[in-house]
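Listed below are the residues making up each chain.
There are 2 protein chains.
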Amino acid sequence: MKHALPVSRDDFAAWYQSVITEADMAEESGVRGCMVIRPWGYGMWERMQRLLDDRIKATGHENCYFPLFIPLSYFEKEAEHVEGFAKEMAVVTHHRLIADGKGGLTPDPEAKLEEPLVVRPTSETVIGTAFARWVQSWRDLPVLINQWANVVRWEMRTRMFLRTAEFLWQEGHTAHATAEEAREETLRMLEEYRAFAEDCLALPVIAGEKPENERFPGAVATFSIEAMMQDGKALQAGTSHFLGTNFAHAQNIRFQNAEGQLEYANTTSWGVSTRMIGGVIMVHGDDDGLRAPPRIAPWQVVIVPMLRDAPEDETIVIYCKALQKELAAQSAFGEPVRALLDLKPAKAATKRWGWVKKGAPLILEVGGRDMAGGNVSVIRRDRLYRADGKLDSAVVAKDDFVAGVAETLAEIQQGLFDEAKARLTAGIRPVNEWNDLAAMFAEAVEKPGWADVAWSRPTGAALDAVVERLKALKLTIRNAPLGQTGHPGDPCIFTGEPAMERVLIGRAY
Amino acid sequence: MKHALPVSRDDFAAWYQSVITEADMAEESGVRGCMVIRPWGYGMWERMQRLLDDRIKATGHENCYFPLFIPLSYFEKEAEHVEGFAKEMAVVTHHRLIADGKGGLTPDPEAKLEEPLVVRPTSETVIGTAFARWVQSWRDLPVLINQWANVVRWEMRTRMFLRTAEFLWQEGHTAHATAEEAREETLRMLEEYRAFAEDCLALPVIAGEKPENERFPGAVATFSIEAMMQDGKALQAGTSHFLGTNFAHAQNIRFQNAEGQLEYANTTSWGVSTRMIGGVIMVHGDDDGLRAPPRIAPWQVVIVPMLRDAPEDETIVIYCKALQKELAAQSAFGEPVRALLDLKPAKAATKRWGWVKKGAPLILEVGGRDMAGGNVSVIRRDRLYRADGKLDSAVVAKDDFVAGVAETLAEIQQGLFDEAKARLTAGIRPVNEWNDLAAMFAEAVEKPGWADVAWSRPTGAALDAVVERLKALKLTIRNAPLGQTGHPGDPCIFTGEPAMERVLIGRAY
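Residue numbers (my numbering), protein chains in the order written: chain L, 14 to 522; chain C, 14 to 522.
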């Protein structure tokens, strides 16, 4: 069977790149490691922003904006944080260019900065400094803020959406009077991420705690949501950190408690990024391109008029415009339906396949015969082909389609989730012996998924040894799922000691 | 009469800074020239983004995202653009830090970039490069895109919101088949800016064309909207540029026309920034702080319960929660009313004056007596004091207040606009002689406003001479208002030659 993409998921890396290109989501920018996010990709990000921002605000957070540049000295304060982040960052050293005398430009040696500025890789240091100004008394707590921003981490190997030098994200930062409150906040936002990923992106995830070796630099505990891609690999799709008083000590965030004593605040931070778009592609895409979950599809319904340079064309366009209006008057997921009438100068078949590759949930084709019968021809992106392999285009009465559009979109959203959830569930397998683990992830095994193993939560050198053994198999511990109750089961797969909990192990992006 | 701010508008510069501080809008960040935008300031920016973004999309533009970094060589292509922008920019030269051996960090000499990267001061160069890839045929035109982004211009003297090293803005970029179409687009977006400023920010503006010497580097024509601050100075609040084929030549944006011939595209760009927030402060603020126009106020109605650590408190809070719900169920300006119940642990009077300084349009105080009578005590921020100088707090039946809240908000919005419009109109005076102009802007004159003069639109050395004469009086030509019809009137105030048009002259931020 022929598909719309030039490559199939059998070559997963090439397929991923192909979806991004064919769906016009993003492209290389000519600037090392930075991409151009095109309207279809950015439109999805805007939808994610809107939906997640609503949740962030509903949980009491306010948006702010902090500087792009962070003085070098800010990074020198929190030792572990420096260690983890101080390596690959973009450093601004000059504030002026001058002619180089050869027709080009060069940084002006006269305009060298006294203290270099780092382009933020994350903002704990600069936001913590503000918290120290804002927080004086217990009455000033909690401080609950968030920012939507671009950040830069100088990655050696980049991959669109998944790992780019510059990326877009939100970073929440909070300060609390007690460790308990800060831990609650950390888990509250993790739960918001889980719900957002599952409800809005149709991305089933496992929420859990990262092992010590995977903690954010300077954190006491790091939690993540992990999604399983169609190749069985894991994608860390969001993280939430309990920072204890580590950053408060480094940045002097102190408050007078109700008893008049000075205490250090407990802080948290949490973020999700444009990386999630990569997750959406790798979970919902197929050999015909992306399948955009309706809640984040920039356009949920696209109307393609079948024009033939004939006098009839005009009435078809009128029919389509009325249809678009009727659809926009419908409400799906609590918002007006996003319906586009595609009037670009291109052939109808080209447009159809363009929207298939972009993954618009519903594509309507309207020709003279459809119009005459008061119908539309409906293509559902989640059920593209009939059993005989032909494109499944169903003629439906226009009014019925309009009346049922919200339900159809909800059904598509749920269907994408269910499919991915089944894959996730099937992809996680309990493993009790190291040899079984090694066999599960042997070279020849395709899509091994994740192993669910019991471990003793070793620390120090013992943990290092575990990490090294896993590294040899290109594996990492993804997280220890939350909500584990009772006994973790068998002895630790690594140490043979009594297990403390179960963790998920897999390959990852 | 005593006011809420420590300084009055008589010391306009100190007053401006005081509003920003007392209304918690922004603060110094510790990073040179960069500010922290706090929730009340950022909330206003979010409102502006939402309202302007709707207009940008309604006129057919799509949002994208382009890289923060621009390779040096991109700037070398468009000669005038380099000249105008290549001076004060942040330059990234290294991509790694290492320990400096003295306990600190330093840029790693091993990690010097081959080609330095400029932090975007504006994105014509990088977006034009993308346009060159996207545009092949007339069918690909027009390209209509926009991005919301941070940009950096290394300003020597900075001032919050008005001139900061980093600022937030939107930049629209479009490419068209013909110069006519591109000019139309330039003026269409200027008109969108005018309507947005007047309808949403209650900022009356004059839309017009900038003189040649004030054009954007590389533009064929630059248009602006200019607002008058309460000290009579002008603030350029938005610009729209017709770039002709200048950037298309530099970046090779060419298309095959319907006849099969290669042509250069005509491009435009247009932007507004967080600077507009400075304009809102300087137009609508008073000696008690900001008066936020309801359409962009993060909270339109703030409810302050008058609690006294008494058993009655609980029922007051219940009453207030119900009130908040009723208000949120109302619609103003086509959106749900944004009503906040302020339950922070502070005294009611402190909260009241905090909201006065922030400029929340309506402040409701609810004590036991209000509740008993089914009332609320209403403070309108636009009519803060009675004739006798006392705070004007009116007891109103709760249900009446709720039923009328949309109308009251609309009245406040209109009132702020009318007041500013009257000031703008009164502040512009026709001047026919150079001596009168000099007298109008003599040192001793307070709030001189703008002069409306006829000029012959000189170019080259003659224009330079005009610019120099005006500079001596600290004046600039703001713009030549659009829609001028018929004869411009008197001879040119500078050259004595027959006038071509009338221009506005004033001092500016």
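Please note that a few of the clues may not be correct.
Heads up, the list lumps identical chains together, so a pair's fine if it works in one copy or across two of them.
[As the list claims (entries may be wrong)] In silico BS3-like cross-links for lysine-lysine, where the CA-CA straight-line distance does not exceed 27 Å: (1) LYS90 <-> LYS360; (2) LYS364 <-> LYS246; (3) LYS334 <-> LYS90; (4) LYS364 <-> LYS487; (5) LYS246 <-> LYS434; (6) LYS334 <-> LYS357; (7) LYS338 <-> LYS90; (8) LYS460 <-> LYS364; (9) LYS70 <-> LYS360; (10) LYS364 <-> LYS338; (11) LYS403 <-> LYS115; (12) LYS90 <-> LYS125; (13) LYS125 <-> LYS100; (14) LYS115 <-> LYS100; (15) LYS364 <-> LYS115; (16) LYS364 <-> LYS70.
No lab work stands behind these hints: they were computed from the structure.
Comparing the hints with the structure gives:
1. LYS90 <-> LYS360: neither (60 Å within a copy, 37 Å between copies)
2. LYS364 <-> LYS246: neither (33 Å within a copy, 52 Å between copies)
3. LYS334 <-> LYS90: Result: close neither inside a copy nor across copies, 60 Å intra and 44 Å inter.
4. LYS364 <-> LYS487: Answer is neither: 42 Å inside a copy and 57 Å across each miss the 27 Å cutoff.
5. LYS246 <-> LYS434: within (14 Å within a copy, 61 Å between copies)
6. LYS334 <-> LYS357: Answer is within; shortest intra-copy Cα gap is 14 Å, inter-copy 50 Å.
7. LYS338 <-> LYS90: Result: close neither inside a copy nor across copies, 57 Å intra and 46 Å inter.
8. LYS460 <-> LYS364: neither (34 Å within a copy, 59 Å between copies)
9. LYS70 <-> LYS360: between (44 Å within a copy, 25 Å between copies)
10. LYS364 <-> LYS338: Within one copy only: 21 Å inside, 46 Å across.
11. LYS403 <-> LYS115: Neither. Shortest intra-copy (62 Å) and inter-copy (70 Å) distances fail the 27 Å Cα cut-off.
12. LYS90 <-> LYS125: both (24 Å within a copy, 25 Å between copies)
13. LYS125 <-> LYS100: The answer is both: 21 Å in one copy and 13 Å across copies each meet 27 Å.
14. LYS115 <-> LYS100: Classified as between: cross-chain Cα gap 17 Å, same-chain 34 Å, threshold 27 Å.
15. LYS364 <-> LYS115: Neither: 48 Å inside a chain and 62 Å across chains, both beyond 27 Å.
16. LYS364 <-> LYS70: between (38 Å within a copy, 21 Å between copies)
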